[in-house]
Amino acid sequence: MTRDIWVLVEQWRGQVSDVTYEVLALGRELATATGGSLQAVVLGPGVAGVPSSLGAADGLLVAEHSSLAEPEPDLYALALAQVVPERQPEALLIPQTNALMGCGPLLAVRLGLPCINSCRDISLDQGRLVARCLLYGGKVEAAVAPGRTPVVLGILPGTRPREQGRVDGTPPSTAVSVDLSTTPAVRFRGYTEPPPGDVDITRESILVAVGRGIQRQENVALAEELAAALGGAVCGSRPVVDQGWLPASRQVGTSGMIVEPQVYLALGISGAPEHVEGMKRAKLIIAVNTDPRAPIFGVAHYGVTADLFDIVPLLIDRVGASRQKAAS
Amino acid sequence: MVNVLVLLKLVPDVVEEPEIAPDGRSLDPASVRLVVSERDEHALEEALLLKERHGGTVTAVALDVPEVDDVLFTALAKGADRAVKVSGVEPGMSTWAAAAALARTLGAAPGMLPADLILTGVQAIDDLDGQTGPVVARLLELPYIGMVCRVEADPAGRTAVVVREYAGGVTGTFEVPLPVVLGVQSAEKPPRYVPVARVRAAMKAQRLEVLPVAGEEEEEPARLEVLQLSKPQVGGGAVMLEGAPEEVATQICDLLRERGLV
Chain A
1063 MTRDIWVLVE
1073 QWRGQVSDVT
1083 YEVLALGREL
1093 ATATGGSLQA
1103 VVLGPGVAGV
1113 PSSLGAADGL
1123 LVAEHSSLAE
1133 PEPDLYALAL
1143 AQVVPERQPE
1153 ALLIPQTNAL
1163 MGCGPLLAVR
1173 LGLPCINSCR
1183 DISLDQGRLV
1193 ARCLLYGGKV
1203 EAAVAPGRTP
1213 VVLGILPGTR
1223 PREQGRVDGT
1233 PPSTAVSVDL
1243 STTPAVRFRG
1253 YTEPPPGDVD
1263 ITRESILVAV
1273 GRGIQRQENV
1283 ALAEELAAAL
1293 GGAVCGSRPV
1303 VDQGWLPASR
1313 QVGTSGMIVE
1323 PQVYLALGIS
1333 GAPEHVEGMK
1343 RAKLIIAVNT
1353 DPRAPIFGVA
1363 HYGVTADLFD
1373 IVPLLIDRVG
1383 ASRQKAAS
Chain B
15 MVNVLVLLKL
25 VPDVVEEPEI
35 APDGRSLDPA
45 SVRLVVSERD
55 EHALEEALLL
65 KERHGGTVTA
75 VALDVPEVDD
85 VLFTALAKGA
95 DRAVKVSGVE
105 PGMSTWAAAA
115 ALARTLGAAP
125 GMLPADLILT
135 GVQAIDDLDG
145 QTGPVVARLL
155 ELPYIGMVCR
165 VEADPAGRTA
175 VVVREYAGGV
185 TGTFEVPLPV
195 VLGVQSAEKP
205 PRYVPVARVR
215 AAMKAQRLEV
225 LPVAGEEEEE
235 PARLEVLQLS
245 KPQVGGGAVM
255 LEGAPEEVAT
265 QICDLLRERG
275 LV
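Protein sequences appear in the order of chains A and B. According to my numbering, the stretch in the first sequence is residues 1063 to 1390, in order. According to my numbering, the stretch in the second sequence is residues 15 to 276, in order.
Check each hint, because a few of them may be wrong.
What the hints assert, rightly or not - No farther apart than 16 Å at their CA atoms in a straight line, the calculated lysine to aspartate or glutamate pairs in the EDC-like style are these: (1) Lys218/B - Asp83/B; (2) Lys99/B - Asp83/B; (3) Lys65/B - Asp168/B; (4) Lys203/B - Glu189/B; (5) Lys245/B - Glu1287/A; (6) Lys1387/A - Glu272/B; (7) Lys245/B - Asp1353/A; (8) Lys203/B - Glu66/B; (9) Lys245/B - Glu33/B; (10) Lys1345/A - Asp83/B; (11) Lys245/B - Asp1080/A; (12) Lys1387/A - Asp84/B.
Said to hold, decoys possible - Partner residues aside, some chain B positions facing chain A, computed with beta carbon under 10 Å: (13) Arg118; (14) Met126; (15) Val149; (16) Phe188; (17) Gly197.
Claimed, not checked - Among chain A residues calculated to face chain B with C-beta under 8 Å, some are: (18) Val1109; (19) Asn1160; (20) Gly1164; (21) Leu1168; (22) Cys1177; (23) Asn1179; (24) Cys1195; (25) Gly1199; (26) Phe1359; (27) Tyr1364; (28) Val1366; (29) Thr1367.
Hint data in this document are derived by calculation from the structure and do not stem from the laboratory. Fair warning: this is a prediction, and the values are worked out from it, not measured in the lab. Using N, Cα and C, we set each Cβ at its ideal position, and we do this for glycine too.
This is chain A alone, in the form it adopts within the complex (with noise of 0.2 Å):
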């Protein structure tokens, strides 16, 4: 057994992701306490593939094969139950995304190995790995420690800055050779882009953001009079899309779209860790919610415990004053 953190890089449609450099640079601390080496586990494209800005890592374990070229969990599972076993690493630390969803829990499903989802922090306590996960849409944090080692770790977006982890250099790399002919016949189609919106969300530089909080569909009108007001865009957290009060174009989170606008006006969005991925940048967040212990005042910059319904109307007066003034 070594003492060796493993790192899966998401590779897709040629791009390694933001999250990959975040968890090398989590990685990367994690090595240096248990004193093993940096792995970054490389599926698919083969050495040619390996961009230059893995460079965190102190070695890469490279499994080519062209059934891999997509980043499919049920494949990378199998692909992984191969390379694990003999190698034992301490851990292997799996980005939690859209792309990789599942990936860990079939991996140790097949190998018997402990998995923890949704870790927002890893840490070594008296020589042990415990994991801080967030569960219950953000609302409660587990510190849990694996049974045993290896262990599979799926780590939400957002734990380290991505500059940390991206590091220019090309580590040693070491190929590792899987066999993929029991593969059930998955057979990959091709991407299919999103229909255009009406508005680009992520080109707006005021963007108001309405959650479950928002009740019923006749009401995403009062959003949009705000956001009409302010010369931005409602945009929505998922539920708001998934009971199609607002379409896809306007969702924002992992699923949807990243924005980084100059204000977000987050109203009756709890701030499940989904959602936060994809509004955490913005300049200025101001959140209203109802509920003083929601997950958003946690990432915003100013908050406001109350009942959207009671500080929308006001503010849409209060803007729609200060527009007047301005102008006269």
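Given the structure of chain A, go ahead and fit chain B onto it with the hints provided.
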């Protein structure tokens, strides 16, 4: 015709604030009301849409935990053909143990497998140690695709075309042989609403099937030690604006004006 199994998991309703039990390592059951996991509602909706398109049956399956009868009768009222309660399970099981109990029981019960498709939510808010879909798929040795947002079955050809979500609104399309386990992120349509009166009618007219959990509880390879639960520090980031709504609205407007945004 397609025969679809939908695995429904009950999770704490986080609209109410979950409280931590005195042991510091579990939720206080008194603070928790169980509801069906949101993603599982989407899985049920997608299953019902498949049945509407192709004919066949939808069978809802859940472990016997508090509130499960409501959840299963609601599934029947929405259009599921059968509702199965797996009894004899320990409360507070991990995701892995619960999924393993489902896989064992489905495998042992006559007539449940093979189903053409097994649908479940891609993840639940309490999935600490696994996810139902991947665990069930591996234990039944079936292929798995997660983040699913659309399914077209071809029952005659024994295949399905499955669309899954990536980032930024991009989707990917896959062709898979049946049977397959799918983790649903969102159904093609919002989950249908069913009035309480219809659920009550289902309670009177229909019945739940009960299957005792099958087999020995396997030793859980993935057993974790929960050291402590805590409430994450929130509010630390935000300066809280206080006062009557009028004052707060003025303060927000001032913040925007200071930055030249209004």
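Hint check results:
Proposed proximity of Lys218/B and Asp83/B is supported: the alpha carbons are some 12 Å apart, at most 16 Å. As the CA atoms of Lys99/B and Asp83/B are separated by approximately 8 Å, the hinted pair is consistent with the 16 Å bound. Between the alpha carbons of Lys65/B and Asp168/B the distance comes to roughly 12 Å, so the proposed pair stays at or under 16 Å and holds. The hinted pair formed by Lys203/B and Glu189/B fails the criterion: a straight-line CA distance of about 21 Å is larger than 16 Å.
Distance restraint check for Lys245/B and Glu1287/A: the Cα-Cα separation of roughly 36 Å exceeds the 16 Å cut-off, and the hinted pair is therefore not satisfied. For the hint pairing Lys1387/A with Glu272/B, the CA-to-CA distance comes to about 15 Å; that is within 16 Å, so the pair holds. The straight-line distance between the Cα atoms of Lys245/B and Asp1353/A is roughly 14 Å, inside the 16 Å bound, and the hint therefore holds. As the CA atoms of Lys203/B and Glu66/B are separated by approximately 13 Å, the hinted pair is consistent with the 16 Å bound.
Of the supplied pair hints, the one linking Lys245/B and Glu33/B holds, its CA atoms being roughly 9 Å apart against a limit of 16 Å. As the CA atoms of Lys1345/A and Asp83/B are separated by approximately 47 Å, the hinted pair breaks the 16 Å bound. About 28 Å separates the Cα atoms of Lys245/B and Asp1080/A, which puts this hinted pair outside 16 Å; it is violated. Taking the CA atoms of Lys1387/A and Asp84/B, the gap is about 56 Å. The hint is violated against a cut of 16 Å.
Violation of the interface hint for Arg118/B is found here, the shortest Cβ-Cβ separation to chain A being roughly 14 Å, above the 10 Å cut-off. The restraint placing Met126/B at the interface with chain A is violated, with a minimum CB-CB distance near 20 Å, outside the 10 Å limit. About 5 Å separates the beta-carbon of Val149/B from the nearest beta-carbon of chain A, less than 10 Å, and the hint is met. Interface hint at Phe188/B: satisfied, since its Cβ lies 6 Å from the closest Cβ of chain A, which is below the 10 Å cut-off.
Evaluation of the Gly197/B hint against chain A yields a held restraint, the C-beta minimum of about 6 Å falling below 10 Å. Nearest Cβ of chain B to the Cβ of Val1109/A: about 25 Å, over the 8 Å cut. The hint is violated. Taking 8 Å as the C-beta contact cut-off toward chain B, the hint placing Asn1160/A at the interface holds, the least distance being around 5 Å. Residue-level restraint check for Gly1164/A holds (minimum Cβ-Cβ distance to chain B is 4 Å; threshold 8 Å).
A least Cβ separation of about 4 Å between Leu1168/A and chain B falls short of the 8 Å threshold, and the interface hint therefore holds. Because the beta carbon of Cys1177/A sits about 5 Å from the nearest beta carbon in chain B, less than 8 Å, this interface hint is met. A least Cβ separation of about 5 Å between Asn1179/A and chain B falls short of the 8 Å threshold, and the interface hint therefore holds. At its closest, the beta carbon of Cys1195/A sits 6 Å from a beta carbon of chain B; the interface hint therefore holds under the 8 Å criterion.
Against a cut-off of 8 Å between C-beta atoms, the interface hint on Gly1199/A holds, since the closest Cβ of chain B lies about 5 Å away. Hint on Phe1359/A holds. Least Cβ distance to chain B is approximately 4 Å, under the 8 Å limit. Residue-level restraint check for Tyr1364/A holds (minimum Cβ-Cβ distance to chain B is 5 Å; threshold 8 Å). A cut of 8 Å between beta carbons decides the hint on Val1366/A: the least distance to chain B is about 5 Å, and the hint holds.
With a least beta-carbon distance of about 7 Å to chain B, the hint placing Thr1367/A at the interface is held under the 8 Å criterion.
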